[in-house]
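Novice: These are the residues of each chain, in order.
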Amino acid sequence: AQSVTQPDIHITVSEGASLELRCNYSYGATPYLFWYVQSPGQGLQLLLKYFSGDTLVQGIKGFEAEFKRSQSSFNLRKPSVHWSDAAEYFCAVGEVEGNKLVFGAGTILRVKS
Amino acid sequence: DAMVIQNPRYQVTQFGKPVTLSCSQTLNHNVMYWYQQKSSQAPKLLFHYYDKDFNNEADTPDNFQSRRPNTSFCFLDIRSPGLGDAAMYLCATSRDRWGIKAYEQYFGPGTRLTVT
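Residue numbers (my numbering), protein chains in the order written: chain A, 1 to 113; chain B, 114 to 229.
What the hints contain is simulated information worked out from the structure, not anything from laboratory work. Note that CB positions come from ideal geometry on N, CA and C, so glycine has one too. It is possible that part of the hints are untrue.
Straight-line distance between alpha carbons at most 30 Å, and here's what the computed DSBU-like set of lysine-lysine pairs gives [said to hold, decoys possible]: (1) B:LYS151 with A:LYS112; (2) B:LYS157 with A:LYS49; (3) B:LYS214 with B:LYS151; (4) B:LYS130 with B:LYS151; (5) B:LYS214 with B:LYS157; (6) A:LYS61 with A:LYS49; (7) A:LYS49 with B:LYS214; (8) A:LYS68 with A:LYS49; (9) A:LYS49 with B:LYS165; (10) A:LYS61 with B:LYS214; (11) A:LYS68 with B:LYS214; (12) A:LYS49 with B:LYS151; (13) A:LYS61 with B:LYS151; (14) B:LYS165 with B:LYS130; (15) B:LYS157 with A:LYS68; (16) B:LYS151 with B:LYS165; (17) A:LYS49 with A:LYS112.
Pair ranges (Cβ atoms, derived) [what the hints assert, rightly or not]: (18) B:SER152 with A:THR12: 12 to 22 Å; (19) A:SER26 with B:ASN168: 19 to 29 Å; (20) A:SER26 with B:ASP172: 16 to 26 Å; (21) A:SER3 with B:SER193: 31 to 41 Å; (22) A:PRO40 with B:ASN168: 26 to 36 Å.
To give a feel for the contact side, a few chain A residues facing chain B, derived at Cβ under 7 Å [as the list claims (entries may be wrong)]: (23) GLY94; (24) LYS100; (25) PHE103.
Please model the complete structure; the sequences and the hints are all you need to start from.
Specialist: Structure below.
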């Protein structure tokens, strides 16, 4: 079965600084990969997705992610973080066997002014 | 705007008292999911409906049930809530149950359940 690892439980960045959140997956074939964001007390919102093709994908709110097969990674990036980006971020992979999403444990982003 | 709506946003129930959480969608999606999310954890899939076809996850306790009376609505029933059932319950939808269309899911804002 597929699995997702987000190595960082918490990350703190200064407003205006760049951001990279790490995600590693385990799956032999080309995975379907997703990043979701969850603001406090809210549901999950899809930021971006990768199915195939260009390995650098653009999402909403200025986020992008790069699929690197050699590293089994799908890291989320943003060049300049805003205070409103403070939230929890979940990486997910589409599990082929069960046709369902498998989520990582999440990374909580704190933004300091 | 097409969306997924959950009511209520906050629900307090007593230990052992049945409770029902509601989800509705205007996306006209075929699949509706219920997830349980405990504090600082990943969402955990409880079950899903593909149209009227109910699919339970193997490790979902019998205490959790669901109903889908029509395309737009889906309910989560907790028959006898325990303190361990306190969590955020998320409803989600997808266009289909297979492949890419299953993975692209749209979430509601969640219902925060407190058990006293």
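Novice: Does the structure keep LYS157 of chain B and LYS68 of chain A at a Cα separation of 30 Å or less?
Specialist: 27 Å, holds
Novice: At a threshold of 7 Å, is the proposed contact between PHE103 of chain A and chain B supported by beta-carbon distances?
Specialist: 4 Å, holds
Novice: For a C-alpha distance cap of 30 Å, please report whether LYS68 of chain A and LYS49 of chain A respect it.
Specialist: The given pair, whose Cα atoms are some 14 Å apart, holds under the 30 Å limit.
Novice: Does LYS214 of chain B lie within 30 Å of LYS68 of chain A when you go C-alpha to C-alpha?
Specialist: 23 Å, holds
Novice: Does GLY94 of chain A pass the interface check with chain B, least Cβ-Cβ distance below 7 Å?
Specialist: With Cβ-Cβ at 4 Å, under 7 Å, it holds.
Novice: Sort out whether LYS49 of chain A lies within 30 Å of LYS61 of chain A, counting only the CA atoms.
Specialist: 14 Å, holds
Novice: Interface hint check: LYS100 of chain A, Cβ to nearest Cβ on chain B, cutoff 7 Å. Holds or violated?
Specialist: Cβ of LYS100 of chain A sits 6 Å from chain B, so the hint holds.
Novice: Between LYS49 of chain A and LYS112 of chain A, does the CA-CA distance stay at or below 30 Å?
Specialist: 28 Å, holds
Novice: Could you see if the CB distance from SER152 of chain B to THR12 of chain A stays within 12 to 22 Å?
Specialist: 19 Å, holds
Novice: Checking one constraint from the list: CA of LYS49 of chain A to CA of LYS151 of chain B, max 30 Å. Satisfied?
Specialist: Within the cut-off at roughly 25 Å; holds.
Novice: Between PRO40 of chain A and ASN168 of chain B, does the C-beta distance stay in 26 to 36 Å?
Specialist: 31 Å, holds
Novice: Regarding the pair LYS61 of chain A and LYS214 of chain B, is the alpha-carbon distance no greater than 30 Å?
Specialist: 23 Å, holds
Every hint from the earlier list agrees with this structure, and none is contradicted.
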